[in-house]
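**Student:** Read top to bottom, the protein sequences are chains W and X. Here numbering that gives the first Met the number 0 is used: the first residue of the first sequence is 0, the next is one more, and so on. Here numbering that gives the first Met the number 0 is used: the first residue of the second sequence is 0, the next is one more, and so on.
Hints should not be assumed to be uniformly reliable.
[As the list claims (entries may be wrong)] Partial chain W-side listing against chain X, Cβ under 7 Å, derived:
(1) N59
(2) L107
(3) N145
(4) M188
Since the hints were derived computationally from the structure, they do not count as laboratory data. Yeah, the Cβ is synthetic: ideal placement off N, Cα and C, and Gly gets one too.
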Amino acid sequence: MGSQASTLLRHEELEEIKKETGFSHSQIARLYKRFTSLDVNGVGALSREDFLRIPELAINPLGDRIISAFFPEGEDEANFRVFIRILARFRPISDKEKSKDAKGPEPLNSRSNKLRFAFQLYDLDKDDKISRSELIQVLRMMVGVNISEEQLGVMADRTIQEADEDGDGAISFTEFVKVFEKTGIEQKMSIQFLD
Amino acid sequence: MSMGFWPFDSFGSWMLLLLLVALACSKASSDLNKSTNSTTQHGPNAWFAAASSEPDERISVFELDYDYVQIPYEVTLWILLASLAKIGFHLYRRLPGLMPESCLLILVGALVGGIIFGTDHKSPPVMDSSIYFLYLLPPMVLESGYFMPTRPFFENMGSILWWAGPGALINAFGIGLSLYLICQIKAFGLSDVNLLHNLLFGSLISSVDPVAVLAVFEEARVNEQLYMMIFGETLLNDGISVVLYNILIAFTKMHKFEDIEPVDILAGCARFIVVGCGGVFFGIIFGFISAFITRFTQNISAIEPLIVFMFSYLSYLVAETLYLSGILAITACAVTMKKYVEENVSQTSYTTIKYFMKMLSSVSETLIFIFMGVSTIGKNHEWNWAFICFTLVFCQIWRAISVFALFYVSNKFRTFPFSIKDQCIIFYSGVRGAGSFSLAFLLPLSLFPRKKLFVTATLVVIYFTVFIQGITIGPLVRYLDVRKTNKKESINEELHTRLMDHLKAGIEDVCGQWSHYQVRDKFKKFDHRYLRKILIRTNVPKSSIVSLYKKLEMKQAIEMAETGILSSTAFSVPHQAQRIQGVKRLSPEDVESMRDILTHNMYQVRKRTLSYNKYNLKPQTSEKQAKEILIRRQNTLRESLRKGHSLPWGKPTGTKNIRYLSFPYSNQPLKARRDTRAAEFTDDDSCHPGFPPVTFSVQSRTRSLQERRQVQEAIPMKSFHRGREALNFDDQRTGQKEHGGRDKRGILKPKPLFHTVDEEYASGEQSEEEASAIGPRWTAEQKQKHSRDHHQSHSPLLQRKDF
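All chains should be modelled from the sequences, with the hints used to inform the complete structure.
**Tutor:** Here it is as structure tokens:
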């Protein structure tokens, strides 16, 4: 750890990351420093325990799911590419990106990708739908102890009712997106990354 | 707001009764005073004299000697009255959100003043220069320094210093100069108020107390940066005004003030800096000394609060001796000391310190406000329309100028600039408080023939700002804040946006980012390497929370083992798959109520700076929330441990389903616990591996002794491995290479799974060592161990044990 953080990343890798995520050089360097400081065992990848060492995540109601999001299917370690790719979704959408339109692949931090990330927090079994049970799970995590099971169930039902348009009893991604079509969520899902 | 300050319910009527009694007492005492005054000419033997002058020279059975107790008696009555008023204030729930508590205190003061004036009583000499500066001021400053959340303070320190320092100076000189210009106008009859007087007045009137209004707009989502600016300003403002005040008084004492040369002015500036920095320096030294001493007090924890208070006070006194700024000294002492003292002292001492500090500062402030009320209703006023009105006007103007100008500059350097709305809030929160009044009251009359004018003007400004600004700032903030449309959000929106807030907070924590990362990092390294070793005790005592959790755990584990029935905690059972047949359409009222329930019960997003209330110590809701979350996670974890393969909704225990469970470290929830405590004061020790681990912790999924014994049977390695895979109900446990068997989960043994955990442990290298450790500690460590790669786990564990 130290000031040579960026030299530990090879230059080509750096360029690739830069292109893929849109972060600037210094932002990547700083995130790499953070990555290495989390990686106490020095293995070059983060395990779940490394994330759990962050105390605020323990008391975040969705802490576990957030951590799981860093571990794509079937893996237990998150290397730096994965790490920064996830963080890239939270980059604020700058104006010039908005106008880029459909030139090339969609940037990681597009509105649609942000929403998809949030959607994935609900949708554990990755069937592209938030089922009632998944919704109840998340509700339970986010809500205090005063709510009984039945109330939760009713709430979940109502939520699905509101959003569900094709009547399949679950919220699909398009329906999810539709909820936000009038609200600007870019601010909510963006973090100012420091240089 | 239509109800008066005295709620007319039963408590209120009792209070009213008490008030009347107090009134009667003071009236009686004042009468008595008059009468005893005449008889107590002879000193202590007065009552003898009185008795002997009676016709029958008997020893009287019943005597009344009011003079003896007058001062403490009245002071106590005042304080009690103010406390009763506060109780009433808080009983009526809406009031605290409408107006700052200073309003209440001022009104009580005015009431007492009215009583005293009405009964023509001579009020006790509570307020003179030495009493104020030596006894009343230090507790208030100490309290505000101690409760300052340190991390955001240091992160924003540049902005805060830039704002508080030059801000106070601009205000002081601006107001002073403008008023001087006004005084030059002959028509107002103020021409004998010269420049120095005006500058002095400017310096004392610019001392603000914005924290008093914080409680009012706490509910509006004011961002943390704003909080910090306001805190910081309060903290440093007093110090700077007093320093300025003293320097200007020194100037005034130089009789030939027409001959003030630039040299003197330069000397004044230099003195300003020396006084300020010197004070801070002494404060830091005393802070370290007291932190060091608390390292050794584990056997006599009763004196820990004493040490804390005495050293802080000492720092104040030493600084004052050397004509340095005692206020800045005591502030620096509190800020430095807090971090280390908190870790060293016992839980009860910690609570005592907090409460005692609040109490002392409350008492001081109450006394000052009451005294202010007393002097309001009195004969020593001088009213001059021009001076007073222009004072008010200039106060607002100059504050606006300083806010907008200084923030304009500092926004250029900030990563998170302050919006205009924030700046308006800062401008409007410039409420004056007890500090200004005290400084005005203590002006030496000999040097300031127009002192009464100053006092009157100060009082007017205070009343105006506290009442008018204090009451309207709440609605103003809410108005500014409610920029989103008033339409009700659908449940979906609300739920999902809250989810996103939590997500964002979580990702921010992962990034661990705050500004000045590098400086803070360096300081933290220095801190951990040197300071903590010196200043913090080596074996950290168990906090009561830990022992409570442990007891809870043990109890539940024993229950479970014995009866096999889960103890019924409401949230320990993950939702059953009860399907309501069909989805009924809900009526709008139901929807409304449901939405309300949802809004009120959803967990709040973690705020970085926890809310600060100057007047009481509310239990932090975030602590409760954190506790709930932690307990729930443990319980769900235990649940799934217990049930193993049969999760309620019947799917095979794919890790996918259980992904939301996690396996906290043994020391990590404790750290979280501590950090929620420390989070009040925001000390962020995240990710530092050297954090003193408390291995017997919250999450000892404690097996009772019987279970453990059961487990010590030999089980072949193979089944152990399988069992281990079976245990992989959590992704992270599959850190090992041999995890391929996710689908083998079904093969779980009927035996509760944790047995295999123990057993893996038993087969490990350190089994003997660990097995000898007692109870929860053992299992906790082994849990730790199990959660990692088998090989890797040993060394960290060893390290941890060494602590």
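**Student:** If a hint holds in the structure, say so; if it does not, say that too.
**Tutor:** Hints versus structure:
Below 7 Å, beta-carbon pairs count as interface contacts, and W:N59 has one with chain X at about 5 Å; its hint therefore holds. With 7 Å as the threshold, the beta carbon of W:L107 stays out of range of chain X, its nearest partner Cβ sitting at about 13 Å, so the hint is violated. Below 7 Å, beta-carbon pairs count as interface contacts, and W:N145 has one with chain X at about 6 Å; its hint therefore holds. A distance limit of 7 Å between C-beta atoms decides the matter here; for W:M188 the minimum to chain X is near 6 Å, and the interface restraint holds.
Against the hints set out earlier in the document, a violation occurs for number 2 only.
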